[in-house]
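Let chain A serve as the given structure and place chain B on it in line with the hints.
Spelled out from the first residue to the last, the chains are:
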Amino acid sequence: MIEEFCDWLSATRLSLMFQTADWFVPTVQTVHIIAIAILLISVYVISLKLLGWIRSVQPLAATVAKSTPWIWTALCVLLVTGILLTITEPARELLNWAFRLKMLMVLVLAGCVALIQWRLRADPEYWSESAGHRWTGRTLGAVVLVIGACIVTAGRWIAYV
Amino acid sequence: MAIERFLAWLQDLPLPTQIRESAWMFPTVETVHVFALVLVVGSILTVDLRLLGFTNRERPFSQLAREMLPWTWSAFVLAAIAGALMFTSKAVIYFHNIPFRIKMLCLALAGLNMLMFHWIGVRHLPSWDASAPPPRARFAGGVSLVLWTTIVATGRWIGFTT
Chain A
1 MIEEFCDWLS ATRLSLMFQT ADWFVPTVQT VHIIAIAILL ISVYVISLKL
51 LGWIRSVQPL AATVAKSTPW IWTALCVLLV TGILLTITEP ARELLNWAFR
101 LKMLMVLVLA GCVALIQWRL RADPEYWSES AGHRWTGRTL GAVVLVIGAC
151 IVTAGRWIAY V
Chain B
162 MAIERFLAWL QDLPLPTQIR ESAWMFPTVE TVHVFALVLV VGSILTVDLR
212 LLGFTNRERP FSQLAREMLP WTWSAFVLAA IAGALMFTSK AVIYFHNIPF
262 RIKMLCLALA GLNMLMFHWI GVRHLPSWDA SAPPPRARFA GGVSLVLWTT
312 IVATGRWIGF TT
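Heads up: the protein sequence lines correspond to chains A and B, in order. Numbering of the first sequence is given in the numbering used here, commencing with residue 1 and proceeding in unit increments. Numbering of the second sequence is given in the numbering used here, commencing with residue 162 and proceeding in unit increments.
Excised from the complex, chain A in its bound form:
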């Protein structure tokens, strides 16, 4: 089923146009990597603050509010560039377990970030007001740190598996 879809997609006029332009994949991948850089540094600053590894004058709620537009814009750019790369080489992406793992982890990362933001919007002190919330916040921070690194790893291994 997916194989047939990949065959159909790679034979479309749009895919063929992208495949024959030598500059297309490297350019889209460059934009993709810069979007990952912006996403990762934004979520890592939040994670490190939740873990207490960055001492900053700026409260967590202010940091999260500032980085929210950057995080979601970067995710949108990743989605668009990811779709373009998939149209160009459907089988390389859709039939690859590293790609599927990466997509799953992006969803988990987005969910963790959304949860952190959602709680802070209602209560700016939420992640520090009780021992339970602090523990959950630190756990979320650690999960985001690990998943961020795993997303980059899976992304690079798409080319090798």
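Please keep in mind that the hints were generated in silico from the structure rather than gathered at the bench. Note that the coordinates shown come from a computational prediction; the quantities given were computed from them, not determined experimentally. We put the beta carbon where it would ideally sit given N, CA and C, even for glycine. Please note: incorrect hints may appear among the correct ones.
Examples of chain A residues lying across from chain B (beta carbon under 8 Å, computed) [claimed, not checked]:
id, residue
1, Thr-30
2, Ile-36
3, Leu-40
4, Ile-41
5, Val-57
6, Gln-58
7, Ala-61
8, Asn-96
9, Trp-157
10, Ile-158
Relative to the frame of chain A, chain B by itself:
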């Protein structure tokens, strides 16, 4: 050429040979390089965008730089080590690769730009720390943004031209 003989000797050392011939070593080193580079670029872009006045305008520049720069330097050291390992595994090929040379040139220029910003731009930091940076500092931020974007682009192009 003496340099080519040296590079051929370098890539035939045990570790570079192992990286080149192993099925998992090169991708692993490359993954570490990309991960570290992503953190370097992300943290530098955050500082550059502050210099250009696009983000964190209300935050003192010194506060943001203090928060970012330790991560930038740690990640840069990691990226440089992984990058050096990748280079040694195919030293002759990389030496002749044009995108690789442009990447190295941009890295050198980015370092020079940072030094100049440190000597000239930061000298008057107390006068603009909590407000809009002067044109000289904004220029340094813009140059850095262009150079690091080119470093990412040429880095990606290496994979398509070797």
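For which of the previously enumerated hints does the structure constitute a violation, in increasing order of number? Violated hints: 7, 8, 10; rest satisfied.
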